[in-house]
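*Asks:* Just need the whole structure built from these sequences, with the hints factored in.
All residue numbers for the sequence shown refer to the numbering used here, where the first residue is 21 and numbers rise by one.
Derived from the structure by calculation, the hints contain no laboratory data.
The structure presented is a predicted model; accordingly, all values stated were derived computationally and were not measured.
Capping the alpha-carbon separation at 30 Å, the derived lysine-lysine pairs in DSSO-like fashion look like this:
| # | residue 1 | residue 2 |
| --- | --- | --- |
| 1 | Lys-51 | Lys-36 |
| 2 | Lys-224 | Lys-137 |
| 3 | Lys-137 | Lys-251 |
| 4 | Lys-224 | Lys-251 |
| 5 | Lys-64 | Lys-51 |
| 6 | Lys-233 | Lys-251 |
| 7 | Lys-243 | Lys-224 |
| 8 | Lys-36 | Lys-64 |
| 9 | Lys-36 | Lys-251 |
| 10 | Lys-36 | Lys-243 |
| 11 | Lys-251 | Lys-241 |
| 12 | Lys-244 | Lys-36 |
| 13 | Lys-36 | Lys-241 |
| 14 | Lys-64 | Lys-224 |
| 15 | Lys-137 | Lys-36 |
| 16 | Lys-224 | Lys-241 |
| 17 | Lys-233 | Lys-243 |
| 18 | Lys-137 | Lys-51 |
| 19 | Lys-224 | Lys-244 |
| 20 | Lys-224 | Lys-36 |
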Amino acid sequence: MSKANSLESISIVLVKTSHPGNVGSVARAMKTMGLSDLRLVMPKQPDLHQQDDAIALASGATDVLQRAQVYDSLADALHDTVCAYALSARIRELGPVLMSPEQAAADSEQALEQTGKRVAFVLGAERTGLTNEELLACNRQVYIPSNPVYNSLNLSQAAQIVCYALRRHFENEPGSALPLTRDVQIDPNRQSNPATVQAVEQLKAHWLQAMEKVDFLNPDKPKKLVHRLGKLLGRAQLEQEEVDMLRGFLSDVVRVAEGRLYPHERGASKPDGSA
21 MSKANSLESI SIVLVKTSHP GNVGSVARAM KTMGLSDLRL VMPKQPDLHQ QDDAIALASG
81 ATDVLQRAQV YDSLADALHD TVCAYALSAR IRELGPVLMS PEQAAADSEQ ALEQTGKRVA
141 FVLGAERTGL TNEELLACNR QVYIPSNPVY NSLNLSQAAQ IVCYALRRHF ENEPGSALPL
201 TRDVQIDPNR QSNPATVQAV EQLKAHWLQA MEKVDFLNPD KPKKLVHRLG KLLGRAQLEQ
261 EEVDMLRGFL SDVVRVAEGR LYPHERGASK PDGSA
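*Replies:* Here it is, written out as structure tokens:
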């Protein structure tokens, strides 16, 4: 995958956006840096990206608006992505791996080259940003260093900074790219099939269900367990086969906890030898 094509494999995801002008401004920020895949999750109106203010502030980036896709949930919007970067100025104790925009750009290139699948940068609603649940649905968190006493960036400003970091990284000459956040040795002959963000989120839900079934988790008093599990899974970089294996095990945990038997077990002898 060439560096130019890499930019085409990066999605910008806007969650619960309220103002059409912000959608248009983000589309403009994307196009100026060579990105084109815009995704909207539960916008205030389903046609937010087609309204006059959006078109006016897109300032010629109407093709990005026309191709924009609308989704009913963040999980659906991330269905084909292997890594999602949540933009948030709030640092959570149990949040995803924290990165600067430059580090995220380098990390995203590694993910694209290693897997051939898409990555996404996720931005929250104008007034509230991303919720804890939305942030934990992502693998990474991107923090834009700013004035500590006033760090309120407009949605399109944050998108522009990230898109610029991506453009700057992917346009670098070979050998001059920003260093990766960790030293990873990649086997070029290894066939990788990383799990999508959606698959990992479904695994987390299945895991929590199994925990409830064996009384390991009290859903009314989960404490920090749910957040710790989300952080662990986000850090694990699971492959799809690993997700399938874990979900198969969890299905058996739930089955046993519910007292359900496989057909071949129904006629098995009891310990005392009786049928």
